[in-house]
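Colleague: Protein chains in written order, with our numbering: chain A, 1 to 103; chain B, 1001 to 1551.
Check each hint, because a few of them may be wrong.
Label-pair distances were calculated between CB atoms; the ranges are [to be verified]:
{"id": "1", "chain 1": "A", "residue 1": "32", "chain 2": "B", "residue 2": "1533", "range": "58 to 68 Å"}
{"id": "2", "chain 1": "B", "residue 1": "1440", "chain 2": "A", "residue 2": "59", "range": "48 to 58 Å"}
{"id": "3", "chain 1": "B", "residue 1": "1175", "chain 2": "A", "residue 2": "58", "range": "53 to 63 Å"}
{"id": "4", "chain 1": "B", "residue 1": "1209", "chain 2": "A", "residue 2": "33", "range": "51 to 61 Å"}
{"id": "5", "chain 1": "B", "residue 1": "1111", "chain 2": "A", "residue 2": "62", "range": "50 to 60 Å"}
{"id": "6", "chain 1": "A", "residue 1": "58", "chain 2": "B", "residue 2": "1492", "range": "17 to 27 Å"}
Just so you know, these hints were derived from the structure itself, not from any lab. On a predicted model such as this, the values are computed, not experimentally measured, just so you know. Glycine included, every Cβ here is placed at the ideal spot set by N, Cα and C.
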Amino acid sequence: MTSPLEQKKIRITGPSVVTANRTWDGAVVYRTAQQGWSTALSDAAIVSTSDDARALLAESAADDVGAVGAYIAPVELKGGVVKPGNLREHIRSKGLTIDLLPA
Amino acid sequence: MYAYDELDRTLINERVSEFRDQVKRRLSGELTEDEFKMLRLQNGVYLQLHAYMFRVAIPYGTLSSKQLRRLAHIARRYDRGYGHFTTRQNIQFNWIKLAELPDALAELAEVGIHAMQTSGNNMRNVTSDQWAGVAPGEVEDPRIWSEILRQHTTLHPEFSFLPRKFKIAITASEHDRAAIKIHDIGLRLHKNADGETSFEVLVGGGLGRTPFIAKTIKPFVHGRDILNYVEAILRVYNQYGRRDNIYKARIKILVHELGIEKFAREVDEEWRQMGHSALTLDHSVIEEVRSRFSYPAYEKLPHMPDELKQAAHDPLFERWRKNSVAPHKVQGYSIVTLSLKPVGGPPGDATADQMDAIADLADKYSFGEIRVGHEQNLALPHVAKRDLPQLWKALDRLGLATPNVNLVTDIIACPGLDYCSLANARSIPIAQELTRRFANHDTADMIGRLHINISGCINACGHHHVGHIGILGVEKNGEEFYQITIGGRADENAQMGALIGPAVPYAEVADVVEDIVEAYLALRDRPEELFVDTVKRLGVEPFKERVYATR
Ligand code: HEM
Ligand code: SF4
Chain A
1 MTSPLEQKKI
11 RITGPSVVTA
21 NRTWDGAVVY
31 RTAQQGWSTA
41 LSDAAIVSTS
51 DDARALLAES
61 AADDVGAVGA
71 YIAPVELKGG
81 VVKPGNLREH
91 IRSKGLTIDL
101 LPA
Chain B
1001 MYAYDELDRT
1011 LINERVSEFR
1021 DQVKRRLSGE
1031 LTEDEFKMLR
1041 LQNGVYLQLH
1051 AYMFRVAIPY
1061 GTLSSKQLRR
1071 LAHIARRYDR
1081 GYGHFTTRQN
1091 IQFNWIKLAE
1101 LPDALAELAE
1111 VGIHAMQTSG
1121 NNMRNVTSDQ
1131 WAGVAPGEVE
1141 DPRIWSEILR
1151 QHTTLHPEFS
1161 FLPRKFKIAI
1171 TASEHDRAAI
1181 KIHDIGLRLH
1191 KNADGETSFE
1201 VLVGGGLGRT
1211 PFIAKTIKPF
1221 VHGRDILNYV
1231 EAILRVYNQY
1241 GRRDNIYKAR
1251 IKILVHELGI
1261 EKFAREVDEE
1271 WRQMGHSALT
1281 LDHSVIEEVR
1291 SRFSYPAYEK
1301 LPHMPDELKQ
1311 AAHDPLFERW
1321 RKNSVAPHKV
1331 QGYSIVTLSL
1341 KPVGGPPGDA
1351 TADQMDAIAD
1361 LADKYSFGEI
1371 RVGHEQNLAL
1381 PHVAKRDLPQ
1391 LWKALDRLGL
1401 ATPNVNLVTD
1411 IIACPGLDYC
1421 SLANARSIPI
1431 AQELTRRFAN
1441 HDTADMIGRL
1451 HINISGCINA
1461 CGHHHVGHIG
1471 ILGVEKNGEE
1481 FYQITIGGRA
1491 DENAQMGALI
1501 GPAVPYAEVA
1511 DVVEDIVEAY
1521 LALRDRPEEL
1531 FVDTVKRLGV
1541 EPFKERVYAT
1551 R
């Protein structure tokens, strides 16, 4: 969990979301504006200031039973569509970049 | 095979109910993640990018067909139908749900499998040669000693809260298949002048951020004294080990900082103070453990059966036999390696269907026994030579007869950024691309023995430092880059590879490896000179020139 001290230092440079892993099954989830979790990035609450990001993270991290390891992740907004902001988040959101089974 | 006693079974079952209760309390919110984390790590449960990852121990790499079928069942019922064999004789499941983990553990416990000490700062699975007990010329079966150490260290308080994780590997053969020189403690069995079993003890090996090759601290420790001596090492480590800094906590750092001579003196002093007898093993204790390992009732078979002579006319069979079949200590039998490195496949993965089929083949052709090696391949340890042609056909249908063992496409790779939350870069797709580039088996044969190892970050789970060609994922401005080393090796002549130059982007890695291999083919002085030997003879320069001349 992100400690309060670390949370204070958080600065974001563009649109961001809060993501974590759902506690009971580990699935990737995003914090929604309704204070819940969703597996769809399109449901995520999007923040664009550091203050909002800190607030969203604090609220998310408090729900330790729902999801674990909450952190802020960058996203890209293209024509109203939310996309993961880096490769790691792309993989978390879209799944493996490889074929599961031997070709 | 090894038969567990009642004590082990009780212990395993107790652990399952304890964990069931812990998971229940976690899911109800009674335990926070901070409180739960240590408990889940003690049961092999990590949190990865997309899910929990569950690591199960396969002590000294020996599995029964019944156990392998159960692993297949776990993959099918609780995961996505496959598992990943690791470089430390474990299997990992990538998609297990926390809520279902206690059931999965309980089902594994029924066949004597557990996940104790597969993570956390304790004594990890004591690994051994995957050919233990069947390799010709072996001093004796090293698994007996792995088992003695396993029993002594499992849940032992002194080994449960170490400054950092601790790994031991044991070999009893001239050729080291257990990579003992990159372990915290490496043990090499040999006989002393009186024909008694003794150990050469190496200490302080390990990869990761600060890689070291283990050094010998005692050439001869009598078998009966081995627990005393390991205990003495652990006490010195517990006393001086750096608990304040995770990056300096491994024993390799302590050995490096104290110097091997001083470290050895400290251990000797500790050993002396303990009194040589505290943990001295009675002959009867050793024999008791030995008696729990059973060996098949081998038949008396000819060295060269007719079936094998006939099959030798089939060049595809012959290619596979020469590549994947090794001599056995008993005449008429062989050790067969099953490649989990199909062209285009993720290294070390096996599907549930493949596991079931391998279990059936083990029953039919290998006295129900399967082995797991550190190269992320499996082996059938007791195959009658007359059965080789039939076995080959069956394996080929299952995609398990790729004749690439120890060749350029037999790649060791960690899960990397496709699964791992610590990764900088992907490993598996790099491995897959390389297997496609070198898919032609004639080319791979012509290149000869060449080990490629890939890690997605400096933790070095893919052993990149000791790859003949090592590939390490790093991050540069949010992009995946890879540092490439050459000349490393993990065997009895273990050494670290040397960096050939600046890191290259994802899209260029396979080209660079092809350049390196082409340079080698042009530079080797004869076809038998292995890649590592050419690098040793000529150094990094000619390879570097070739790779960077056009970049
Ligand atoms: C995907 C989950 C994994 C995680 C989070 C993970 C994490 C780590 C970390 C943090 C270390 C460094 C520890 C240290 O130096 O103190 C390490 C070392 C190691 N890992 Fe993993 N690992 C994972 C998977 C694997 C797999 C799949 C393999 C085998 C293919 C593996 C084999 C190893 C080995 C052999 C080492 C020891 C390297 C050394 O000597 O320092 N790990 N792992
Ligand atoms: S080397 Fe790094 S990326 Fe690969 S599995 Fe280990 S921790 Fe993960």
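Colleague: Flag every earlier hint the structure violates by its number, smallest first.
Modeller: Hint check: 4, 5 and 6 fail, others pass.
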